[in-house]
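Line order of the protein sequences matches chains A and B. First residue of the first sequence: 1, per the working numbering; consecutive thereafter. First residue of the second sequence: 1, per the working numbering; consecutive thereafter.
No lab work stands behind these hints, which were simulated from the structure alone. Some clues are possibly wrong.
Note that the list lumps identical chains together, so a pair holds whenever it fits in one copy or between two copies.
No farther apart than 30 Å at their CA atoms in a straight line, the calculated lysine-lysine pairs in the DSSO-like style are these [as the list claims (entries may be wrong)]:
(1) K39 to K166
(2) K72 to K56
(3) K56 to K166
(4) K73 to K56
(5) K166 to K72
(6) K56 to K39
Number of protein chains: 2
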Amino acid sequence: MTSPIISSIPPAGSLAFWFEFASPYSYLAAERVQALARKAKIIIQWRPFLLGAIFKHDNGTTDSPFNAHHRKKAYMWRDIERLCQSRALPALTVPDPFPMNGLLAARLAVALDDDERLPRFIHAVYRAEFQQGMDISDPTVLMAILEQNGFDADREFAAAGHDATKARLRLLTDEAIAQGIFGAPAFITSDQEVFWGDDRLEQALEWAQTIA
Amino acid sequence: MTSPIISSIPPAGSLAFWFEFASPYSYLAAERVQALARKAKIIIQWRPFLLGAIFKHDNGTTDSPFNAHHRKKAYMWRDIERLCQSRALPALTVPDPFPMNGLLAARLAVALDDDERLPRFIHAVYRAEFQQGMDISDPTVLMAILEQNGFDADREFAAAGHDATKARLRLLTDEAIAQGIFGAPAFITSDQEVFWGDDRLEQALEWAQTIA
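Chain A extracted, bound-state conformation (with noise of 0.2 Å):
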């Protein structure tokens, strides 16, 4: 069972794009990245992981290190806020709890592996969560997700739930790490060049694009 999401390094003229579903820089990317992309005539190969298990394999902790932070923490939601103003996105609803748990999210968007169909559920989860404000840990919210976006909802949950699913996911988190990931969202290239944030995502697509 090979598929695009598995691959390890990205082919030149392709950018890797590792997100995590309770990441707001994630959805900031996400939502964006697709535009910048075509214009960089660069193909997004889409990579879930799961940050909480970096987390704990670098600070031995699952929980994201802005709740450590107040200060700081207040501030990611007021430089989110404007950056949702100055790029025309819905205000944002900050997710209670923070950060949500993107398990089940994250093992649909394995299931979901396709180039066509897994842009079309992260964005639906995404809005759900940081526009709408919803549980993205509760199933049927997923359900309802899937369903109002045109997915076999039954189906896609059985398939999320198969070992083979699961051992994918913990593949792509092990191979994060082991790329130089230790946040989300981050980019790398077919030379393997990390870059970290929503902020560098320009700068990822131009090196996507000299290399290319």
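Please arrange chain B on chain A, whose structure you already have, making use of the hints.
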């Protein structure tokens, strides 16, 4: 004794640039802030402060958080290396130790407070640290920097040692905390919007223009 450095909130048409001498992203921002501000017709107010004191306030330790996170730290140096390249800055020299103690340099900056002299000193210190790899906590290094840049080194060292100078630097650091600063560099507009990081400089200048 009033001076531009002590006024808390910058007036309309200006932007406060809060920097720490040990901070590599403050160095990157210092290298481009004047050209970008001139283009935006915004006046820069230079604000030295002690990031260690803020880390202690927030995290209970004065050390750089990068030193507790090796993968993130490795990424940071690569990120800065790439930014130096793309901005045609000389190759980065990673300070050893990192972070360097910027206390004496910050006191000198407070003592030198003057629209014309201050930026000249700041650039000289940052370049010695991040381009030539010199130890800016060493008084003889700072003496040499002052002399090579046309300052009266003995006089400035005496001024840096005054109680009033030390008190002003402490006040600046307290102000930074009170205004919501938790990292460096930070930019604050006349309506007290905080922007954090070299990569928010353009956004901060645009904000300052809008309210000017």
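Cross-check of the supplied hints:
no., hint, in the structure
1, K39 to K166, "neither (34 Å within a copy, 53 Å between copies)"
2, K72 to K56, "both (20 Å within a copy, 14 Å between copies)"
3, K56 to K166, "within (18 Å within a copy, 41 Å between copies)"
4, K73 to K56, "both (19 Å within a copy, 17 Å between copies)"
5, K166 to K72, "between (33 Å within a copy, 27 Å between copies)"
6, K56 to K39, "neither (37 Å within a copy, 45 Å between copies)"
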